[in-house]
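Chain B: place on chain A using the hints.
2 protein chains.
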Amino acid sequence: MPQDLPISKTAQAVQPFHVMKILGEAKALQAQGKDIIHLEIGEPDFASLNCVHEAVNQAMQAGLTHYTPTLGLAELRQKLSDFYQRFYQASVPPAEIMLTPGSSSGLQLLLTALLNPGDKVLLTDPSYPCNRQFVKLLHGQVVSVPVDASTTHQLTTDLLKTHWQTGIKLVMVASPANPTGSVIEQSELVKMAQFLSEQNAYLLVDEIYQGLVYDRPAESILANQNLGENVLVINSFSKFFGMTGWRLGWLVAPLHLMPVLDRLGQNLFLAAPTLAQYGALRVLEPDALALLEQRRQAFQIRRATLINAMHRAGWTINQPQGAFYIYWDVSNLTEDAEQLAMDILWNAGVAVTPGKDFGDYKAKQHLRLAYTTEPARLEEAVNRIVTYLSTR
Amino acid sequence: MPQDLPISKTAQAVQPFHVMKILGEAKALQAQGKDIIHLEIGEPDFASLNCVHEAVNQAMQAGLTHYTPTLGLAELRQKLSDFYQRFYQASVPPAEIMLTPGSSSGLQLLLTALLNPGDKVLLTDPSYPCNRQFVKLLHGQVVSVPVDASTTHQLTTDLLKTHWQTGIKLVMVASPANPTGSVIEQSELVKMAQFLSEQNAYLLVDEIYQGLVYDRPAESILANQNLGENVLVINSFSKFFGMTGWRLGWLVAPLHLMPVLDRLGQNLFLAAPTLAQYGALRVLEPDALALLEQRRQAFQIRRATLINAMHRAGWTINQPQGAFYIYWDVSNLTEDAEQLAMDILWNAGVAVTPGKDFGDYKAKQHLRLAYTTEPARLEEAVNRIVTYLSTR
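Same order as they appear, the protein sequences are chains A and B. The first sequence runs 1 to 392 under our numbering. The second sequence runs 1001 to 1392 under our numbering.
Bear in mind the hints are in silico, worked out from the structure with no lab data behind them. Hints are supplied without guarantee of correctness; some may be wrong.
Now the stretches of chain A that chain B is said to cover, found in silico as 3 or more residues with beta-carbon under 8 angstroms [stated by the list, open to error]:
#1 16-28
#2 65-79
#3 93-106
#4 112-119
Residues on chain A that point at chain B, a partial pick, calculated with CB under 7 angstroms [claimed, not checked]:
#5 Pro6
#6 Lys9
#7 Arg263
Going by beta-carbon spacing under 8 angstroms, a handful of chain B positions derived as facing chain A [as the list claims (entries may be wrong)]:
#8 Glu1043
#9 Met1060
#10 Ser1104
#11 Phe1134
#12 Gly1167
#13 Lys1169
#14 Glu1229
The beta carbon of each residue, even a glycine, is placed where N, CA and C say it ideally should be.
Only chain A is shown next, with the shape it has when bound in the complex (with noise of 0.2 angstroms):
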């Protein structure tokens, strides 16, 4: 730092993800003509799709181009609460609904809402890393809770009561979940809530990953009758629909917190971007539903290609039920996982992201894989990184 230029101890202490390291090397071997199979990326290799492009050229050629109110298109709001009723048999009012730009938009409004300094945010080790610094930014404490596979890596009733401790404003769970591809029963979401509701404390529940499941039907926790007002979701664009560029996401939210959501929304971001939501729109219709199941049904296929693969390697792997992540294992091929990751980019020509990226518990026995990439190319990923295995 030049001179003495102030900087803030947050933005000193929040975290890179590690697995920009990996990909900065492998974009350093690509350069070189290196061929390397991306399993690191939490991004579809889909485009969005075409009917969704010919919809924002319509609303472009229209003019559609200026602001829309903060808390989004109210034909879209609309449009949400309609789906909401008709794939999940939810009765979300469209004034329960805020389209925000992506989902990390609607965690930072919510956490902003609801946290003073000081206040508790439970969440699991491992999960999504920008959850733990998004409370830190607002210098809220988190309480992490350990989790492993004897509990498919998430939440349970069980576990939150005997980690409850005063000052926790919010519990935070995801299902489908990020890094494991694992899902939360409904029953068990719906015990949470009802404790979480005696303690005055908020339920927050990432679907993102809502509709990537491939063993089960695509939930919701707003389909459960008699939830208390602590309920809150974040939801996206991005993964099931096929629109990560397009930065949009929505959130829902008891009406009591709708006016402080649209003032923190005008102040941080006035509102969404507006073409993406017009493709939303477009998105949200039958035809490109229709598409977006094909896509899934892909997804499902990489995933049994992957698992199937690995399995004859050898590996044990239990068959995650949605996103597009296998949380691997790798305690018994090493006692660095992050070490494990660049020998196998390196050796192997295969990105992954090291567990560090999503906590500390039993990281360093972790690599995540992505099926975001052709069967063909997941096969060849696994006997490469057997290849290298052997001769090490």
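Here is chain B on its own, set in the frame of chain A:
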């Protein structure tokens, strides 16, 4: 609030935009069939350029809908660097430029990078309302410097020194400014930057309305030689470039801050919207800039039309040099500008923004008028207000 569910103090304290009340009433009147002239909206009425739409359409067809790097597309950072060189004779390396999802996010990133709780930020009253809110959300303290027509509502080095106190980490100015349209001379900006460098504090210059000046060349603080490493700039594709709903801005910061900003951006928003970035690549081409120059001239004609009409009405108005606002001193008409705004809306069908949205100092004596509509409508707005005032 149901039960005793938590809500944060900061969220409760966040002020709404008072103009939203005006806007709500205006829409209700329109729904009744009344003709409302909108001078309250800080958004150009022009849509984004057709050439932008064509470029975005091509990018969509090429499947370029995935995430970009957090700092933005490398070619756009280079193109902005070239733009600074060509139009402002400013040497700004691409490595010091970061694309952000709207300039709001740029502001948030910079404040988050710099401020610890309790740190002070000096800014003027009046000024853009969100600036104050961002400081409060980070638990910083606002040091508010009242400014009036005697300094064209701008901060000066003298005022800065007079109001200096320990604990100030950042000073925020805007040129051209919202709500006044006034410009700070570069010599004054450089003096402030030098004083702040001695104090180990940053100067953040909001250049969001850059390019929208009418009697002088557009300028950037970045064109000045021998600046220290304490100068920060935020900018936007919304105003001059006419891309409001696309939610794309950028920031310029010294190289030592970029890794911190990159990490914060990874967590807070991942990346700016991809297609907006492809649109921005196009809007920086010479033919697009020529069209934007025509729009600037249209704003100049509107400014003259509105000011001439106001002068004919017998009102004293100093001609602002930039943006598309007039900050109208109505102290000879009312002691309550917010009430006057409501009266004008109901009786004259003209929507304007009360000064209260921009601070406290002399706020009850001012209204902000935005000349974001056609000249004929601007003249009619003044005529309607004159008629109303003559009958009350």
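Hints, one by one, checked against the model:
1. Figure legend: the segment 16-28 of chain A, annotated as covered by chain B; annotation consistent (3 residues with Cβ-Cβ distances under 8 angstroms, at least 3 required).
2. By the rule of at least three residues with a Cβ nearer than 8 angstroms to a Cβ of chain B, the coverage given for the segment 65-79 of chain A holds, with 4 such residues.
3. Look at the segment 93-106 of chain A against chain B: 4 of its residues bring a Cβ nearer than 8 angstroms to a Cβ of that chain, three or more, so the hint holds.
4. Counting residues of the segment 112-119 of chain A whose C-beta sits closer than 8 angstroms to any C-beta of chain B gives 7, which meets the bar of three, so the coverage hint holds.
5. For proline 6 of chain A, the suggested interface contact is upheld, since its CB lies about 4 angstroms from the closest CB of chain B, less than 7 angstroms.
6. Checking lysine 9 of chain A against chain B: minimum C-beta separation of about 6 angstroms stays under 7 angstroms; hint holds.
7. Checking arginine 263 of chain A against chain B: minimum C-beta separation of about 5 angstroms stays under 7 angstroms; hint holds.
8. Interface restraint check for glutamate 1043 of chain B: the shortest CB-CB distance to chain A comes to about 6 angstroms, inside 8 angstroms, so the restraint holds.
9. Interface restraint check: methionine 1060 of chain B against chain A, minimum CB-CB distance 4 angstroms, threshold 8 angstroms, status holds.
10. A cut of 8 angstroms between beta carbons decides the hint on serine 1104 of chain B: the least distance to chain A is about 5 angstroms, and the hint holds.
11. Residue-level restraint check for phenylalanine 1134 of chain B holds (minimum Cβ-Cβ distance to chain A is 7 angstroms; threshold 8 angstroms).
12. Interface restraint check: glycine 1167 of chain B against chain A, minimum CB-CB distance 10 angstroms, threshold 8 angstroms, status violated.
13. Given hint, lysine 1169 of chain B at the interface with chain A, holds; its Cβ is 4 angstroms from that chain's nearest Cβ, closer than 8 angstroms.
14. Nearest Cβ of chain A to the Cβ of glutamate 1229 of chain B: about 5 angstroms, under the 8 angstroms cut. The hint holds.
Hint 12 from the earlier list is the only one contradicted by this structure; the remaining hints agree with it.
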